[in-house]
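J.: Place chain V on chain B using the hints.
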Amino acid sequence: MEYLLHILVIAGIYIILTLSLNLIVGYTGLPALGHAAFFAVGAYISALLALNFGISPWIGMMLGASFAALTGIVIGASSLRLKGDYFALATFGFAFIIYSITKNWVSVTRGPMGLPGIPGFTVFGLALDSTFSYFILVFLFVLITIFIIRRIVDSPFGRVLKSIREDEIAAESLGKDTTKHKLLAFVIGAFFAGIAGSLYAHYITFIDPSSFTIMESILILLMVIFGGMGSIKGSILGATILVVFPELLRFLGMPGAIAAPTRQMIYGLVLIILMIKRPQGLLGRFRFG
Amino acid sequence: MLLQLFLNGIIAGSIYALIALGFTIIYRTVKFFHFAHGAVYAAGAYFAYTFAISLHLPFVLALFLSAVMTAVLGVGIDRFVYYPLRLRKAPNLAFLIASFGVFIFLQYLIAIIYGNRILILRTWPVKEGYKIFDAVITPTQLMILIVSILLMLFLWLFIQKTKLGKAMRAVSDDPLAASVVGINPDKIIIASFAIGSALAGVAGTLIALETNIGPTMGWPAILKGIIASVVGGGGSIPGSMFGGFLLGLAENLGMWKIPSAWKDTISFVILILFLLVRPRGFFGVKPEKEAV
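Line by line, the protein sequences are chains B and V. Mapping the first sequence onto this note's numbering, position 105 (from 1) lands on 105, and the numbers just tick up by one. Mapping the second sequence onto this note's numbering, position 159 (from 1) lands on 159, and the numbers just tick up by one.
Hints are computed from structural coordinates only; laboratory data are not their basis. Ideal Cβ positions, reconstructed from N, Cα and C, are used throughout, including at glycine. Fair warning: there could be bad hints in the mix.
[Unchecked claim] 25 angstroms max Cα-Cα, derived SDA-like pairs, lysine to any residue:
#	chain 1	residue 1	chain 2	residue 2
1	B	K83	V	A90
2	B	K103	V	A90
3	B	K83	B	A170
4	V	K131	V	L145
5	V	K31	B	L269
6	B	K103	V	K89
7	B	K162	B	F147
8	V	K31	V	K263
9	V	K163	V	P185
10	V	K263	B	I101
11	V	K166	V	P185
12	B	K103	V	N184
13	B	K103	V	N212
14	V	K89	B	G120
[Claimed, not checked] So, partial list: chain V residues that the calculated Cβ filter (under 7 angstroms) puts toward chain B:
#	residue
15	F33
16	P84
17	G101
18	I104
19	Y108
20	F268
21	L275
Just chain B, same shape as in the assembly (with noise of 0.2 angstroms):
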């Protein structure tokens, strides 16, 4: 039940960075590779400010939501000079040097030692330290998230952006400032990554730069991709289907050392068949090319 639990936790934790991106690459049509970055941003700042300063959670929370979102300001403003694949790379570029940052700066970061006793999160005093509190937290943080990103791309500039992603030249014939719409998603995703961030760093504890990787930026996208570009339901599922079913391959009794890369295998064989045989995911509705 412990484990299942956790489990679910963990699931919640990768809806809400889904989600964020999914506004990004899937509502707005921007080939974004580098989501760990603020996922990153998020978990380093609150953990930072929890352990050397004792601040709460809750502020370190909101704290490194917004440095992620300031983040975003700068990686996409500069990014989004850019077009198509040098876009893509700029972001992957800048992700990799926020994972640099959290692997060298050893003074501050502890480097690949990681941070360790991060403090959780209290309620009115009450210290939240069982997994079902946790479980109870992220669903609502999962729930809000649902909210508020259902509420932007319902809104008239949710259409602006879907727009921008359909076509770029006729939206901006329309007298909408393409480049403005696209920082302000790029930014709001990674601010919910910040979010997602801090709930990762205070509930497990732990954090090191190995949790930031490239890879884990792609791993992001694949759940957006499978899931289905452009939907919130698609996400939830993707989301949820890629955190569970690793779990599913150590139940069929593989040793380790087969069992991890053979999960890797497999996300890479989803990938290529998803691009080949459903570009569009299990749910998605935009079906691009």
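T.: Only chain V this time, still in chain B's reference frame:
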């Protein structure tokens, strides 16, 4: 000290340049980032290991066979993965994601077949290096340098002078016009994947002489290759070689002032600077105008 860093930079640069060159030859014809090129490079090292160590073939033969096998692998990736996407006229993002898929698949396939342990290809003992003033270059490093420079010169002549090379340039400039004059773009794509991948195989084999080989060796390599290619000028052949040497030198000369943990970060900072200030790179002709 500085001379040694310079030499190290040139040697690292020659490998980066080979990877970038192979990547660029493919990029010119297909116009998307073939990330799986990194896995082909790693496969090259493992093919060479299988031929030279497991099957006890002479090294030169193993090098040649590894190049042939990687060429087959590269063409296979194109036929089984990219070709169906091309038929569907899929956007660049689909190719990019599929190439990640192929990369991940191959890397972990290698890990399953050979295990995660580190392998050593070199069968001969390490010889004492030649001294140039206060810097040292080993015979292996010298060989890597000579082989890669010869290959680059050979490729350059091939692209400039032969009929196939000219056809490749034509398809790169304008596939439609090229097909009008009777060039089959599909054949050119196959040729590009074969040549580009063989170069990756050679690069993988050469680096295996200098360092150990592991399943994850392809990832940093393809990142450097792509950065070198972009910095040199997306699609420019001399540009990609220049970019490779520039990266190798920047990384190693950077070690003079910057702690070595930041080595990999240097090339990404260079990438970002170039993307922001001069996206067409050193030798690029015109700014990229690509739709997603």
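J.: Are the hints correct? Go through all of them and say.
T.: Okay, the hints, checked on the actual structure:
| no. | hint | verdict |
| --- | --- | --- |
| 1 | B:K83 x V:A90 | 17 angstroms, holds |
| 2 | B:K103 x V:A90 | 37 angstroms, violated |
| 3 | B:K83 x B:A170 | 16 angstroms, holds |
| 4 | V:K131 x V:L145 | 16 angstroms, holds |
| 5 | V:K31 x B:L269 | 23 angstroms, holds |
| 6 | B:K103 x V:K89 | 40 angstroms, violated |
| 7 | B:K162 x B:F147 | 18 angstroms, holds |
| 8 | V:K31 x V:K263 | 29 angstroms, violated |
| 9 | V:K163 x V:P185 | 14 angstroms, holds |
| 10 | V:K263 x B:I101 | 12 angstroms, holds |
| 11 | V:K166 x V:P185 | 12 angstroms, holds |
| 12 | B:K103 x V:N184 | 49 angstroms, violated |
| 13 | B:K103 x V:N212 | 23 angstroms, holds |
| 14 | V:K89 x B:G120 | 50 angstroms, violated |
| 15 | F33 | 5 angstroms, holds |
| 16 | P84 | 5 angstroms, holds |
| 17 | G101 | 3 angstroms, holds |
| 18 | I104 | 3 angstroms, holds |
| 19 | Y108 | 4 angstroms, holds |
| 20 | F268 | 5 angstroms, holds |
| 21 | L275 | 5 angstroms, holds |
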